[in-house]
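Novice: Chain residues, written in single-letter form:
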Amino acid sequence: DSGVTQTPKHLITATGQRVTLRCSPRSGDLSVYWYQQSLDQGLQFLIQYYNGEERAKGNILERFSAQQFPDLHSELNLSSLELGDSALYFCASSVAGLAKNIQYFGAGTRLSVL
Amino acid sequence: TQLLEQSPQFLSIQEGENLTVYCNSSSVFSSLQWYRQEPGEGPVLLVTVVTGGEVKKLKRLTFQFGDARKDSSLHITAAQPGDTGLYLCAGAGISGGSNYKLTFGKGTLLTVNP
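Protein chains in written order, with the working numbering: chain W, 3 to 116; chain P, -3 to 110.
Some hints could be false.
Listed below are the simulated DSS-like cross-link pairs for lysine-lysine, each with C-alpha atoms no more than 25 angstroms apart in a straight line [stated by the list, open to error]: (1) P:K52 <-> P:K102; (2) P:K55 <-> W:K11; (3) P:K53 <-> P:K66; (4) P:K66 <-> P:K102; (5) W:K59 <-> P:K66; (6) W:K59 <-> P:K53.
Examples of chain P residues lying across from chain W (beta carbon under 10 angstroms, computed) [what the hints assert, rightly or not]: (7) V24; (8) S91; (9) Y96; (10) F100; (11) P110.
It should be emphasised that the hints constitute simulated quantities derived from the structure, not laboratory data.
The C-beta atom is built at its ideal place from N, Cα and C for all residues, glycine as well.
All chains, full assembly: derive it from the sequences and hints.
Specialist: The structure is reproduced here in structure tokens:
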């Protein structure tokens, strides 16, 4: 158990819909990262928050947004969903904000867009 | 274009055999990490290498960072069924860029048969 909690584990929805994925980081970790994993693209960095502020952005679509709340949990919002958004979405957390710091990954949310 | 190329993509071997997987790039990284991911779980960090030419050992696993910090290898001695999983390399600070995000390779899926 990494200590990072992601909910829900599975999500099935239809094209055009909007969903919210939730992540609770390990106790004491200030940094939260979101990743998307698909068979063709592999694991892709989406966005990082550190202590409530956005720190780094990767290949995140404009239809996707995220935030980190004062209690340090984070949410990833995916809207106007397309079939191609079906993937595993992982959240990771670390104490500090550098990528070389140990990142602890949650078990992921499997999103299926039908 | 994949910034980090991993090879081979798939590897199936018998228990007790040795193996090496490779992670190559045309870009320089400030640090490189290896993760292992098992089905239904998030990646788990195995090692971080920072210095060109650095070698780190973790029991039967040996990790090497290339002198020019553009490539890395993971060698497993006397593989066991418990080593089965997806091995991912990830680099930070590509070509002097952001140290806040990781770029992942697509992974090597290793199966060790008893």
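Novice: Run every hint past the structure and note whether it holds.
Specialist: Comparing the hints with the structure gives:
For the hint pairing K52 of chain P with K102 of chain P, the CA-to-CA distance comes to about 22 angstroms; that is within 25 angstroms, so the pair holds. For the hint pairing K55 of chain P with K11 of chain W, the CA-to-CA distance comes to about 33 angstroms; that exceeds 25 angstroms, so the pair is violated. Proximity of K53 of chain P to K66 of chain P is assessed by CA-CA distance (about 19 angstroms); at most 25 angstroms being required, the pair is judged to hold. Taken as a hint, the K66 of chain P and K102 of chain P pair is honoured in the structure, with Cα atoms around 16 angstroms apart against an allowance of 25 angstroms.
Taking the CA atoms of K59 of chain W and K66 of chain P, the gap is about 23 angstroms. The hint holds against a cut of 25 angstroms. Taking the CA atoms of K59 of chain W and K53 of chain P, the gap is about 33 angstroms. The hint is violated against a cut of 25 angstroms. The closest approach between the C-beta of V24 of chain P and any C-beta of chain W is roughly 14 angstroms, which is over the 10 angstroms cut-off, so the hint fails. At about 14 angstroms, the closest approach between the beta carbon of S91 of chain P and any beta carbon in chain W exceeds 10 angstroms, and the interface hint on this residue is violated.
Restraint check, Y96 of chain P versus chain W: the minimum CB separation of about 4 angstroms is within 10 angstroms; hint holds. Given the 10 angstroms rule on beta carbons, the hint for F100 of chain P holds: about 4 angstroms separates it from the nearest Cβ of chain W. Among the interface hints, the one on P110 of chain P is violated; its C-beta lies about 26 angstroms from the nearest C-beta in chain W, farther than the 10 angstroms criterion.
This entry does not satisfy hints 2, 6, 7, 8, 11, going by the numbered hints stated previously.
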